[in-house]
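Trainee: Each chain, written out:
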Amino acid sequence: MEKTGKLAHLLKMDQQEFNLFMKRYGIGLVMFGMFIILSIASPRFLTVNNLTNVLTTVSLNGILAMGMVFVITAEGIDLSIGSMLALGSVTIGLVLNATGSIFLAAVASIVVCAIFGFINGYMVGKFNMFPFVVTLASMLVIRGVAYVLSGGYSFALANPDFAQIGLGQLFGVIPFPVILLLLVTLIAYVLLHNTKYGRYVYAVGGNIRAARASGVNVMWTRVGTFVISGITAGTAAIIMTARIYAAQPNIGTGYEIDAIAACVIGGTSFSGGISTIPGTFIGVIIIGLIFNGMNLLGISSYWQIIMKGLLIVGAVLLDKMINQNRG
Amino acid sequence: METNDSAGKETLDPDLILSCENVRKNYGGTAALRGVRLRIRRGDIHALVGENGAGKSTLMNILVGLVQPDGGEIFFDGKPYAVANPFQAINSGIAMIHQELNTEPYLSVAESIFLNREDTFPGTPFLNKKETNERAKRILTKFGIDLNPKIHMEQLTLAQMQMVEIIKAVSTDAKLVIMDEPTSSLDSEETKRLFETIADLRSHGVSVIYISHRIEEIFSICDSYSIFRDGESVATGAIKETTKDELISKMVGRKVDKIFPKADIEIGETLFVAENLSGRGFQDISFDVRAGEILGVAGLVGSGRSETMQAIFGMDPLEKGKMYLEGKEIRPKDVKAAQRAGIAMVNENRKEYGLCLFRSIRENISLASLSERYRGPFINQTREKDECRQIAKRLNIKMSNLETEAFALSGGNQQKVVVAKWLMDRPKLLILDEPTRGVDVGAKAEIHSLMGTFAASGMAIIMISSELPEVMGMSDRILVYHEGRVHHTVTREQILSGEENEETILAKQFGR
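The listed protein sequences correspond, in order, to chains L and F. Quick note, in this note's numbering, the first sequence goes up one by one and the last residue is 327. Quick note, in this note's numbering, the second sequence goes up one by one and the last residue is 512.
All clues given are correct.
In silico SDA-like pairs for lysine to any residue, Cα to Cα no more than 20 Å straight-line:
no.	chain 1	residue 1	chain 2	residue 2
1	F	K336	L	R212
2	L	K23	F	A408
3	L	K196	L	W220
Heads up, incomplete: computed chain F residues facing chain L, CB under 7 Å, no partners named:
no.	residue
4	G354
5	C356
6	L367
7	P377
Partial selection, computed: residues in chain F whose CB lies under 10 Å from chain L:
no.	residue
8	A337
9	A338
10	F358
11	R359
12	S366
Simulated from the structure, these hints should not be mistaken for laboratory data. Virtual Cβ for every residue (Gly too), placed ideally from N, Cα, C.
Given the sequences, and given the hints that come with them, work out the whole structure.
Mentor: Now the structure itself:
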């Protein structure tokens, strides 16, 4: 605490302002630090090519995290998004091969995942079941549905243009997945920070009883967060399917972990009511930098997993230390 | 019982199991205990009475180690007594049966009684369940309680759970058992059984501190009494030598040092009518309130005051009855509907039902009125900041910044944030439940004068308060609740003429 006191003095802030500053931007400093270290450690790091590469790699996880942050902010959790990726992929394959329409296939993926998100949310909101249990169950159900619909096999897509979603670039520089990530982030930002709905999500997560006593429709607010998570999973499924250029029922395992990790590293509180979209975005980038930096430095991927785990604990510990005066 | 003051620690009366002398406790700037004395004799059932906030709970929390005193001396069983937590208190021989029972629902009766003191097979860590059950059975039988020690706590009635808690207390060899409102949720048959158990405790030499609002009970079971008022002990003696009316009159008679700025406001048309409302905790409630009027609601905690208002506000279901606002019948099924009809309510528990503590003041203030103030899905943040700043200024909320978390504010300012939230919604009927509880004197006066301003603007106000001088000073009329019903109504004229005073109103609260 004394160290932060000195730093606060240096920045000409009082303790309270400094705490607020650290809470909002503390994790940004970590990201900034990683940038500096990696730039010094590897000459290849700070190139347009590599940075574009980082963004492309994180686009999938980023889109998922933008949905997950809504769920966690409302004091929930969604474990089913990995399975939704698989179901989305199979849906795309079936619709694309039946109609030939890329548009219809993409919409179908989003709609199907949103419907399952709605079911998750309804179970949680209406019957007050634990989100962890509900989405653990739906994780199994959705995965099973993906296998049933595909017969258990992956199959090729009939329309080669679909692969362009994963490969294409705007102005020959910015890959489509990155554009999609930025678009989703922008929408999530406006929704969470500038709309009534976003405010209700914070209120429900911050104090569900106070929200109810203030006339907030708690049930539909919670349902909404799971629908949003479904929509982002369906969107991510489009990119993933395009990238592998096949409909696969066995993809997406463990993707929920990275999305949750990005939220937590970005300052989202598991007790609900605390999060920001920029923070979550930074969390996504940090996970990408671990992956990218360690690759550049030639460190084995096993260490990357360990780093990710340590970073989650570190981020939460940092948050606890900043807020220890709350008791 | 009354010994003179020089009887200090050297000549401690061996008959006393507990003696608290000059115990003091401050919370922030407010004194909860201003040097109280409490002396309990061995084997006595001692009634501790006083209004809400008189300091009874604070002293009990000190005795069980939940709160540390600021000063004074406590002797228990002839030795100086100081404990840091409930565990130490139990080991020293003081156990408390709380009003809200904390039981482990999935443990058996025997397991609950001997939690943390389980029997094991000698020399092993393995539980000897048979021995535990038999021990439990023996002690239950000793106190004449017919319960199977193997059944789960969740299968018991509230009264039975309470018995188990009492048995748990005596099984730790407690010499003093504190009971806080033990009969508040028992029916008369269960109460009778409880009294038998308490009498059994006395015959086994255990002393009891019996806290209750029910004067009749105190006279039927207690041997002696102490009365607390405003953090001081004002009287003590034997029950035989006093009367019910004397007890009540000693509970009030507080120094009148608070002036309430009741403004003279012209009272308008009838705004809200309640007809024969019934629900959980209240029956057959009828009243009306006019524009510009402040309707006070007095009554003991648990008498159905808050329950009625929460049902009107759509938080709890209403079983029977009709409500009219501005002549139109309303029946709000939830808070949103009540809000639309023009009702707002500041809940008595601001931390649980009023605030999102870790969100900003701005977000807390605007939460309830977002859908009314902004069309479409978006929030105009510039306008929101302006409006919140204006209302914060109007209510004189002391804060460094609109973006500060509500958590960082003092109790009085937090309360003003909750009031601001509902004011933004422009209600016609504003219900305030204990609006000045846990609020410092300055903020309290401000909230009182704000109530006058709201009433002057044509709002109808209902104010629930446990503090009689506040209700009497602020209200145009007072409803006095007793056990779920409006037992009595008092007008301002009756108070001004002296026909009704604190004593008469308090007596009505006790159902006299």
